[in-house]
Amino acid sequence: MPGVTRRNLLITSVAALLLPRVALAQDPGAILRGAFDNWRATSSHGISEMTIRNASGTRSLSMESWTQGRDKALVRFTAPARDAGNATLQNGRRTYVFNPKLNQVIQLPASAMQQSWMGSDFSYNDLSKTEQIITDYNHRLIGTEQNAGRTVYVIEAIPKRGKPIVWGKQVLRVRDDYVLLGQQFYDQNGNLVREMVADRIGTLGGRPYPVQLTMRSLDKPGQWTRITTQSAEFDIDLPDYLFTRSNLQNPR
Amino acid sequence: MMETFKLLAPLAWRNLWRNPRRTIITLFVVSVGLWSILAVASFITAWAQSSRDATLRLLIAQGQIHAEGYMDDPNISNLMPPPGAALVAALNRPDISNWVTRLELPGVVQSEYKTLPVSLVGVDPDAERRISSIPEKIVEGRYLNGLEDDSAVIGLNLAKRLKTALGRRIILMVTAEDGWLEERSFDVVGVYDADTAFEDTYIFTGRSTMQAMVGVGDKIAQIAFEVPEDAALAGVVERLRAAAPGLDIRPWRKISLIMGAMDATMGGVIFIWLAVMMVMISIGVINTQLMAVFERTHEFGLLRALGFKSRHVLWLVTFESVLLIGLGVLIGMIAGAATVWGLSDGIDLSAFGKALEAFKAGDTLYLEVKTSDYIIFPLAIWALGILVALWPAWRAQKISPVEAMRQAT
Chain A
1 MPGVTRRNLL ITSVAALLLP RVALAQDPGA ILRGAFDNWR ATSSHGISEM
51 TIRNASGTRS LSMESWTQGR DKALVRFTAP ARDAGNATLQ NGRRTYVFNP
101 KLNQVIQLPA SAMQQSWMGS DFSYNDLSKT EQIITDYNHR LIGTEQNAGR
151 TVYVIEAIPK RGKPIVWGKQ VLRVRDDYVL LGQQFYDQNG NLVREMVADR
201 IGTLGGRPYP VQLTMRSLDK PGQWTRITTQ SAEFDIDLPD YLFTRSNLQN
251 PR
Chain B
1 MMETFKLLAP LAWRNLWRNP RRTIITLFVV SVGLWSILAV ASFITAWAQS
51 SRDATLRLLI AQGQIHAEGY MDDPNISNLM PPPGAALVAA LNRPDISNWV
101 TRLELPGVVQ SEYKTLPVSL VGVDPDAERR ISSIPEKIVE GRYLNGLEDD
151 SAVIGLNLAK RLKTALGRRI ILMVTAEDGW LEERSFDVVG VYDADTAFED
201 TYIFTGRSTM QAMVGVGDKI AQIAFEVPED AALAGVVERL RAAAPGLDIR
251 PWRKISLIMG AMDATMGGVI FIWLAVMMVM ISIGVINTQL MAVFERTHEF
301 GLLRALGFKS RHVLWLVTFE SVLLIGLGVL IGMIAGAATV WGLSDGIDLS
351 AFGKALEAFK AGDTLYLEVK TSDYIIFPLA IWALGILVAL WPAWRAQKIS
401 PVEAMRQAT
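Protein sequences appear in the order of chains A and B.
Reminder that position 97 of the first sequence reads as 97 in this note's numbering, one-by-one numbering, no gaps.
Reminder that position 395 of the second sequence reads as 395 in this note's numbering, one-by-one numbering, no gaps.
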């Protein structure tokens, strides 16, 4: 398996280096696929900071995160002391949260998935349903923009008929090196509801990466959530036990 | 005894009209008091009935059948198969006017802006049109068409809270057979207007669509039935229990406990009003009769001197009260009945609209004359009036003729 993965990776990297523009212009779905693969890779480990500005003020949380494949993720908060130890595990379509004060693991009912994650502008669904934008939407390239000498593809994604998606459409901006620059969520009347913007692009773990992402809801002006990734490594070997309930409760 | 009565009755009648102003005031107090009791009783009864009918017509109907345990925990494991031949036969008897089957489960509705807990109800729209008032309460769009209809009808207030509208898409999530929350998108095709609590709770779709969504085959959650006569309900429930042992069959009083309690306490409200009015009437009667007795001290002395025994004086004053209050009661009854008949076209409350929505009554109240009210309340007031008037009468009979005669007129 690792061999296959590495070979795929090699092909992708070569393709990305050699003929991005040609390949990208033809298939907006592939552009998105590439952007999300660039973001999470086959596996990743990172340290980041989440800053939440809401009506009651600003607070910052430090967290460490691991991802594997497209449906496994573990986020563990490390600071401040008040929030340290809280962790969220996503494995397939199940999401678990661990609270050290209760020393309890709770599997979130799907009805709670739309709730705010740690008081931020992200919901649990935003964490677990990243794949949905690729599988459940029809994609259309609606334009290109120039950004710092690079081409940015503007892709409109409209939910496939019958899919359980509330948004009227999403508009995503992907740079030609597969960096996701922005994601906008529109309601069914075409009004912008929330927006995620990559404020800063850097290089992390040897690849171009949206180092700082800010999520805003338009009905809450002046409030936002910003995730700044401080360090990250990609395509590393992660042990299987990492994404288990027991590891969520008692980290090794 | 008869002799005394023949002598005293005309005397008492004539005495009443020696001071017409005082008599009319007392008549007024008694008749208005009784009139208000009768009118309030009619109004409260009409209101209670109207609000009860309006609420039951929404969804509850007069009775419901569930699987054992569903009422305590309305989830997917407490559903039941559609009614068998014996139960269908029992439901089709003439003492049940309509019945429907529904699938109802708690769920979550999601729009672009909000996620809210709701109850999703899968209905048979053709049967619902006969038993429920929701199809008539559609204010925008349409009601559902057929069991397979895969669109949703939602409440006005819920639409506002979700910031969604007719023609938009909402996502409904309901716990399915495998324990996972099943998601499905629904187009909003209709918006209904009931009371806000109801609007916030219930979303309707076709029953077959919902059964397929949660993967329960042909299982249902409830059978709701309607009886033409509420009085016959207990018998119908017994009969159904015999036809379907093992199912949880309840009359509406046991389904909506609040409504059952309201129904039971409505009578109490009338009696509180009765008590208040009785105190007012008592004060009025005692006051005027006592005044009358004091003013006529000289006269009573004279009567005694002419040969009246003291009990004759007692009888005379009591007779006056009997006549006076009896007349007042009669006027009050006539006024009460006239009020009800005058409003027989119904009291139109639609002008108050939203303000009265919380009381859940219909838009028009129809008052009725309840015979028992017109016997019990007048008799109670008459008896009470005479009872309290015994005190002035007793004061009158104690008057000593000598002392009374000595008083200057």
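In short, the hints are calculated from the structure, not lab data.
Beta carbons are placed, not taken as given, at the ideal position from N, Cα and C, and that holds for glycine.
Warning: the hint list may mix true and false statements.
Label pairs and their calculated CB-CB ranges [what the hints assert, rightly or not]:
1. B:Lys160 x A:Ala84: 56 to 62 Å
2. A:Arg82 x B:Ala234: 57 to 63 Å
3. A:Gln104 x B:Asp230: 46 to 52 Å
4. A:Ile106 x B:Ala85: 43 to 49 Å
We went through each hint and held it up to the structure:
| no. | hint | in the structure |
| --- | --- | --- |
| 1 | B:Lys160 x A:Ala84: 56 to 62 Å | violated (41 Å) |
| 2 | A:Arg82 x B:Ala234: 57 to 63 Å | holds (60 Å) |
| 3 | A:Gln104 x B:Asp230: 46 to 52 Å | holds (50 Å) |
| 4 | A:Ile106 x B:Ala85: 43 to 49 Å | holds (46 Å) |
Going down the numbered hints, you'll see the structure goes against just number 1.
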